[in-house]
Structures are given as structure tokens and as C-alpha cells.
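Residue numbers (numbering that gives the first Met the number 0), protein chains in the order written: chain A, 0 to 365; chain B, 0 to 390.
Possibly wrong hints are sitting among the right ones.
Per label pair, the in silico range of CB-to-CB distance [claimed, not checked]:
| no. | chain 1 | residue 1 | chain 2 | residue 2 | range |
| --- | --- | --- | --- | --- | --- |
| 1 | B | Y370 | A | D48 | 54 to 60 angstroms |
| 2 | B | E26 | A | T5 | 48 to 54 angstroms |
| 3 | A | R351 | B | A350 | 42 to 48 angstroms |
| 4 | B | T345 | A | G348 | 33 to 39 angstroms |
Far from chain A, some chain B residues (derived; all Cβ distances over 12 angstroms) [unchecked claim]:
| no. | residue |
| --- | --- |
| 5 | E26 |
| 6 | A56 |
| 7 | P111 |
| 8 | H168 |
| 9 | G200 |
| 10 | D308 |
I should point out that these hints are in silico values taken from the structure, not numbers from a laboratory. Glycine included, C-beta positions come from ideal geometry on N, C-alpha and C.
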Amino acid sequence: MDYSLTSEQRDLRDAVRELVADRLPSDRVLAVMGESGNDRETWDLLADDMGLAGLLLPESVGGAAATHVESGLVLRELGAAVAPLPFLSHTVTAGVLARALPDAPEHCSVAEALTTAAERITAGATTGVGLDASVRAETTGAECRLDGVVEHVIDGPGADLFLLVSCEPTTETYLVDADQPGVRVEPRMTLDQTRRQARLDLTGAVATPVRAVDQPIGGWAGDLLRIALAAESVGATRALLALTVEYLTVREQFGRPIGSFQALQHRCADLAVAVEAAESAVVHAEWAASHDYGDVPVLAPIAAATAVEAFRDTAAEAIQLHGGIGFTWEHAAHLYFKRAKSTELILGGATRARRTAARRAGVLTG
Amino acid sequence: MDLRYTAEDQEFRSEVRQWMADNLVGEFAPLVGVGGPGSEHDHVDLRLEWEKHLGSAGWIGVGWPRSHGGREASLVQQVVFHEEYAAAGGPARLDHISEHLLAPTLIAFGSPEQCQRHLPEIRAGRELWCQGYSEPGAGSDLANISTRAHRDGDQWRINGQKIWTSLAHIADWCFVLARTEDTDSRHQRLSYLLVPMRQEGITIRPIRQLTGTSEFNEVFFDDAVTDVDNVVGEPGEGWRVAMHTLEVERGVSTLDQQLAFRGELDAVIAAARETGAIDDPQIAERIERAWTELVVLRQTALRMLGGPDGRTDRAPLPGPTLKLLWAPWHRRLGELAIDVLHLTGTVADDAPYELSRLQRLYLYTRADTIYGGSDEIQRTIIAGRGLGLPR
Chain A
0 MDYSLTSEQR DLRDAVRELV ADRLPSDRVL AVMGESGNDR ETWDLLADDM GLAGLLLPES
60 VGGAAATHVE SGLVLRELGA AVAPLPFLSH TVTAGVLARA LPDAPEHCSV AEALTTAAER
120 ITAGATTGVG LDASVRAETT GAECRLDGVV EHVIDGPGAD LFLLVSCEPT TETYLVDADQ
180 PGVRVEPRMT LDQTRRQARL DLTGAVATPV RAVDQPIGGW AGDLLRIALA AESVGATRAL
240 LALTVEYLTV REQFGRPIGS FQALQHRCAD LAVAVEAAES AVVHAEWAAS HDYGDVPVLA
300 PIAAATAVEA FRDTAAEAIQ LHGGIGFTWE HAAHLYFKRA KSTELILGGA TRARRTAARR
360 AGVLTG
Chain B
0 MDLRYTAEDQ EFRSEVRQWM ADNLVGEFAP LVGVGGPGSE HDHVDLRLEW EKHLGSAGWI
60 GVGWPRSHGG REASLVQQVV FHEEYAAAGG PARLDHISEH LLAPTLIAFG SPEQCQRHLP
120 EIRAGRELWC QGYSEPGAGS DLANISTRAH RDGDQWRING QKIWTSLAHI ADWCFVLART
180 EDTDSRHQRL SYLLVPMRQE GITIRPIRQL TGTSEFNEVF FDDAVTDVDN VVGEPGEGWR
240 VAMHTLEVER GVSTLDQQLA FRGELDAVIA AARETGAIDD PQIAERIERA WTELVVLRQT
300 ALRMLGGPDG RTDRAPLPGP TLKLLWAPWH RRLGELAIDV LHLTGTVADD APYELSRLQR
360 LYLYTRADTI YGGSDEIQRT IIAGRGLGLP R
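Using the sequences and the accompanying hints, generate a full structural model.
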């Protein structure tokens with residue numbers, strides 16, 4: 000078993016890290032999130048110049064045919080900066096399409112629509128993701144139309160395409176073009192201003208159903224979202240822990256760096272352990288998503304639970320360990336704190352994620 | 000990055016599985032599932048025979064270099080061995096200290112003569128060791144030891160006391176950290192001695208634990224002797240050598256322990272079903288958490304024990320990180336184990352003090368966060384060496 004990154008993977012990670020360090024230091028994040036919450040210029044650099052829009056998509060649509068290991072590296076770097084960019088939704092949508100495209104029957108309108116969508120995404124079109132969408136679908140012949148309201152579409156404002164997953168009566172996944180009469184997009188301000196949401200009002204909106212042969216693709220979308228949020232959380236947790244340790248090393252009180260006090264040392268050590276556990280869980284989930292789909296339904300929620308708790312605990316401790324300045328708007332700590340809590344709420348909490356994993360693995364039922 | 004088992008790994012797995020199926024039978028059948036926490040004294044004589052049996056089939060020292068009689072099994076293969084051993088219900092081992100602590104230390108620092116004298120015997124399952132480190136005045140602060148050894152002709156003469164010595168009563172040899180030099184530095188005074196256990200100058204006194212059983216012992220050295228060549232590394236180098244053993248202790252050698260945990264968790268779940276505790280949502284949540292954390296514990300061990308994977312610039316410290324994951328986990332499992340018993344957990348199976356497996360798990364796991372470097376010490380190591388926080 001080899002866990003090491005290849006040199007190409009390190010190069011990818013370093014390139015994103017450099018871009019983010021250059022364009023998204025925390026004061027810039029604060030500025031962007033107070034405006035649109037989406038740094039379009041940096042998105043274009045990431046998507047087009049660096050070619051990361053097509054990372055997960057097949058070469059047939061102009062993609063790089065890379066795996067969730069690669070997209071995970073990008074997510075970690077963006078998470079580290081709490082970047083106001085719609086890469087999360089993008090990677091989930093691309094991952095869903097990458098799974099559905101090979102199985103879509105050739106020369107049918109669905110396959111064509113999915114291919115067109117994939118090509119647009121490769122070219123940098125942005126997406127918004129809405130799970131738990133309670134919509135009614137009406138299918139007439141080859142045409143599918145949706146009616147209903149979707150309250151929480153992540154990265155929804157300004158998105159070109161929406162990936163919606165509804166669970167009642169069965170799990171169904173749809174791609175919906177934003178630019179059509181039947182779609183009304185209402186941007187919503189969010190607690191975590193770096194990740195905006197939109198409310199969608201659908202009236203006879205044209206939709207393309209997305210299906211894959213071997214498993215309900217809606218489950219796949221949910222698990223990809225779990226893995227992506229977990230990867231992002233690990234990157235954020237590592238960066239925040241490093242920031243906090245740095246502060247503890249330089250901040251002096253009572254004639255010594257406060258990082259020399261054992262109580263604070265021990266709390267940091269616990270966070271360091273938690274992030275390694277989270278990293279391990281995410282790495283295994285990403286690997287499974289890239290190579291062995293069968294384990295994903297169990298490994299994805301485990302990764303989500305582990306990463307979100309490590310992130311939330313580190314974010315809480317970061318504010319505490321920074322003292323008064325950790326409570327200010329100007330300091331970056333609240334960016335992480337709000338991102339961590341929003342992530343936790345989007346995932347439904349670590350307890351429920353563990354329950355999902357255990358149920359799928361038959362732990363209590365045997 | 001490739002997390003698949005190779006064809007060689009799968010073959011190795013089949014080999015171990017088959018051997019266990021063919022051999023943990025007949026005279027050894029009573030050993031299935033034996034010797035867990037709080038039951039270290041079960042079937043000791045038969046387990047001593049089992050060690051020789053494992054040794055004669057070449058299953059001891061699989062991770063050692065070929066030059067020292069091993070198979071140079073990869074980390075993954077060692078994991079596979081432990082998994083199949085645990086899956087077959089193999090009894091708790093008695094050679095843990097010999098094979099996983101002392102042997103790697105000899106391989107790293109021992110003289111050719113010392114390796115030649117001891118490694119083949121350990122491999123054969125014929126020689127067992129115990130560890131002479133801690134003393135009443137030196138637990139977390141190991142450098143504070145006061146057991147002394149002085150040169151007397153062609154021997155070392157040893158006086159002092161060691162404590163918490165597992166398996167002392169069945170061990171053939173003991174590796175003893177003793178004070179031999181008179182220099183200024185606390186660490187530079189120490190030497191790593193190899194001492195035969197069965198001699199007049201050594202007295203063993205069992206320590207009764209809160210489980211009622213005695214896994215640990217006090218060992219008294221009263222003019223005990225060992226040949227002058229029985230020092231690993233140079234006299235005065237003992238601290239460096241001892242630290243190596245400690246690091247190994249916190250690494251790969253924890254794997255077989257972790258793999259027994261799934262069996263314990265299954266027993267807890269079964270008990271929870273029997274008592275109906277499983278219908279309590281809080282118990283169910285604790286079980287789900289325990290199961291999730293065990294999955295992640297294994298994932299973390301596999302990822303970190305393979306060496307740095309390039310995902311962080313920080314010094315990865317697999318030993319302390321894994322101990323801080325598994326020891327508190329195991330202690331929480333002990334708490335869950337007795338909680339699912341409800342009132343049954345308050346009574347013993349039999350006089351004088353026969354406790355059930357789950358009761359013993361509850362009591363015994365209190366030790367996990369203390370021995371092998373307490374949780375507090377591990378946190379301090381991570382804070383300093385891992386995170387670089389100032390002293």
C-alpha cells in the first residue's frame with residue numbers, strides 16, 4: 000500500500016496553493032465575501048488558465064480524466080484559505096457526470112444533454128448543488144419538467160447549471176439549466192458568506208435526468224458531497240492549526256510564549272491527532288471513489304463525520320487560543336469557524352453521518 | 000498512490016489463513032480467543048508451546064531483515080498477518096516484548112554475537128524477554144532511574160528494582176536500563192543491559208491489579224549478574240538505545256492489539272442485544288461512534304506507519320498519534336462494555352472475584368492510557384516534537 004503523492008499530484012497541489020496564497024489572503028477573502036461572495040477572476044484563473052474545470056471529466060468532453068485524489072488536493076488548498084469559489088459544487092457535479100456519462104445510452108437526448116453540460120463545465124461553467132430538493136417531475140416522452148422550490152442550493156447565485164437531488168418518492172438526480180424561463184433564482188445571504196446559497200423556484204423547468212447503471216446516482220451525489228466537504232475541511236483544519244500554533248509561539252504573556260503552557264500544548268496535540276485521523280479517513284474515501292465504488296457508501300459518511308468534527312473543534316479552539324483578537328471580524332478565525340459550522344449543518348452533523356455509515360454497513364443489525 | 004493489496008499480499012494472506020486453520024486445532028484448540036485484557040494468565044503453559052509451534056513454522060520475526068533470519072515482510076504483510084491471526088482467534092501472544100521490542104533493538108544496535116545468541120532463539124519461540132525500564136521513582140521520567148550496575152571483573156553486578164514488568168515470571172531474559180557511568184548528564188549515565196532472569200540475585204513479586212489479576216510484577220535485583228558483554232551499544236549509550244525500543248513499541252507492534260478490538264466491539268454489540276441496551280438511542284450512538292472510530296484507527300495506522308506521504312510538512316509522529324487514538328478509544332469501549340450490562344455489570348460471575356469478559360475490559364482499559372507512555376506524555380511529545388511549540 001502506497002499513500003504517497005506522485006510528483007504530478009504535488010505539482011498540482013503546489014500550483015493551487017500558490018494561486019490561493021497570491022490571490023486569496025484572508026483580507027481579500029473578507030473583502031470578496033462582503034460583496035458577491037464569489038471571486039470570479041480567481042475562478043477563471045483556476046478553471047480556465049489552470050484547466051481545473053475539467054479535472055474529473057472524461058477526455059471525450061475535454062476533461063483531464065483525473066480522480067478524486069486530485070480533486071481532493073485542490074479542495075484541501077481551497078479549504079485552507081476558506082476560498083469564496085464554487086469549486087465544491089463544481090467538483091460534485093463533475094463527479095456525478097463522470098460517473099453517468101459512460102453509462103448513458105448512446106445517441107439519445109439525455110446522453111447528448113449530459114455531454115453538452117459536461118463540455119460547458121469543462122469550459123468553466125459554474126454549478127450549484129441542491130440536495131433534499133422537494134420537486135415534482137413530469138416526464139412527457141423525452142422531456143422532463145420540474146416544479147417546486149429548492150431552499151438551499153449551494154453556490155447557487157450566478158451558477159450556469161444546477162444539480163438537484165430529490166429523495167421523494169425515489170432518489171432522482173437532475174441537471175437544470177439556469178438560463179430558462181421556468182427557473183427563478185433568489186440569492187440568499189449566508190452565515191458563511193464565502194459559500195452563498197440560492198433559493199430556486201421551478202415552474203415547468205426543463206431538466207435532464209441523470210442516472211448511472213449500477214447505483215442510484217443520487218446516493219453517489221450525496222457521497223461525493225460528503226467526500227468533497229471532508230477534503231476541504233481537512234485542508235482548512237491543517238491551515239488553521241498551523242496558524243494557531245504560530246500565534247501561540249509568538250504571543251507572549253507572563254514573560255513567555257503562551258504556547259509553552261502545557262494546557263494549551265495538550266489541546267493543540269489533540270487537534271493534531273484529530274486532523275491526522277480525518278486525513279486518513281478522507282484519503283481512503285477518495286481512493287474508494289476513484290477506484291472501487293463499492294466501499295464509498297460506507298467510507299464517505301465516515302470521512303465526513305471525522306473531518307467535520309476535527310474542523311469544528313479546531314475552529315472553536317482557534318478562536319479561544321487567539322484570545323480577544325480571535326473574536327474580531329478582522330481576524331481570519333471566524334472565517335473558519337463559520338465555514339466549519341455550515342459544513343456540519345449541510346452534512347447533517349457527525350452523529351447522523353456515523354449512523355448512516357453504520358446502517359449501510361449493518362453494524363447494529365448484524 | 001495505490002491502496003490495493005498486491006497479488007503477493009493476497010497470497011501471503013491465504014498462506015497465513017490456511018496455516019491458522021490447520022494449526023489452531025487439536026491440542027491448541029483450547030487457545031482460541033484466549034489471553035485478552037485481564038486474562039493474561041490464562042493457559043500460559045499451552046501458549047508457551049504455541050509460541051514454539053509458531054516459531055517452528057517461521058511465523059516469528061516475519062518483519063525482520065533476512066540477514067537476521069526474517070522474511071522482510073512489508074508493513075502491509077505484517078498487518079495482514081496480524082489480521083488473519085486475530086480473525087482466526089489466535090491467543091494473545093507472549094513474545095510481544097521479545098519479537099517486537101527487543102529484537103528490533105538488537106538488530107539496530109546489538110553486536111553480531113548478541114544477535115547470533117538471541118535472535119534465532121526468539122525466532123524459534125524458545126526465548127522470552129521482559130522489559131526492565133520503569134521503577135517506582137521513574138515512570139514517565141524514565142531518565143530518573145536509580146538501578147545501578149557496576150563492573151566486577153568479567154561481570155556486571157546489578158542492584159535495584161524494576162516495576163510494571165509484564166511476563167517477568169515466565170521470561171528467560173530481561174533488558175534492563177541501568178545506571179553505569181558517573182558523568183554529569185542524566186542520560187549519559189545509562190546502559191542497556193541484557194540480564195538472564197533465572198538467577199539467585201533476581202526476585203519477582205507479582206503486583207495485584209484492580210482486576211484482581213497480576214499481569215505486572217516488581218523485579219528486585221540484589222547483586223544480580225550478567226556477562227560484561229551483555230550490554231547493547233556502549234556503556235553510557237543506554238538512553239539512545241532505550242529510546243529506540245520505545246519508538247518501536249508505539250509503532251507497528253500496536254497493530255495486533257488494534258485488530259483484537261473488532262472482536263471486543265462485536266462482543267459488546269452482542270451483549271447490548273442480549274440486554275436490550277441496543278434499543279437505547281444513546282447506547283446505539285456510542286456503538287456507532289466506536290465502530291466508526293475503529294475503522295478510522297485502522298486507516299490511520301496504515302497511512303502513518305508507511306512513512307511520510309507528502310500531505311504535510313509537519314513531522315509525522317505515528318507512535319504518539321496512534322497511541323492517543325487507540326488508548327482513549329479502548330477505554331471508552333470498556334465504559335460502553337459495562338454500560339450495556341446494566342445491573343448485571345454490578346455482580347461477579349463467581350467467588351472469589353470472577354469477573355466477566357466485559358467487566359474485565361472495563362477495569363483493564365484504565366491502564367491503556369497510562370502504560371507505554373501516558374496520554375499526557377504523548378500529548379507533550381506531539382506538542383513539542385510534532386508541532387514545534389516552545390518548552
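Here is how each hint holds up against the structure:
1. Y370(B) <-> D48(A): 54 to 60 angstroms: For D48(A) against Y370(B), whose Cβ atoms are near 55 angstroms apart, the range 54 to 60 angstroms holds.
2. E26(B) <-> T5(A): 48 to 54 angstroms: The hinted range 48 to 54 angstroms holds for E26(B) and T5(A), with Cβ atoms some 51 angstroms apart.
3. R351(A) <-> A350(B): 42 to 48 angstroms: At roughly 46 angstroms between Cβ atoms, A350(B) and R351(A) fall inside 42 to 48 angstroms, so the hint holds.
4. T345(B) <-> G348(A): 33 to 39 angstroms: Holds: the Cβ-Cβ distance is about 34 angstroms, inside 33 to 39 angstroms.
5. E26: holds, 33 angstroms
6. A56: holds, 26 angstroms
7. P111: Check passes; 34 angstroms lies beyond 12 angstroms.
8. H168: holds, 36 angstroms
9. G200: holds, 41 angstroms
10. D308: violated, 4 angstroms
Of the hints listed earlier, the one the structure fails to meet is number 10.
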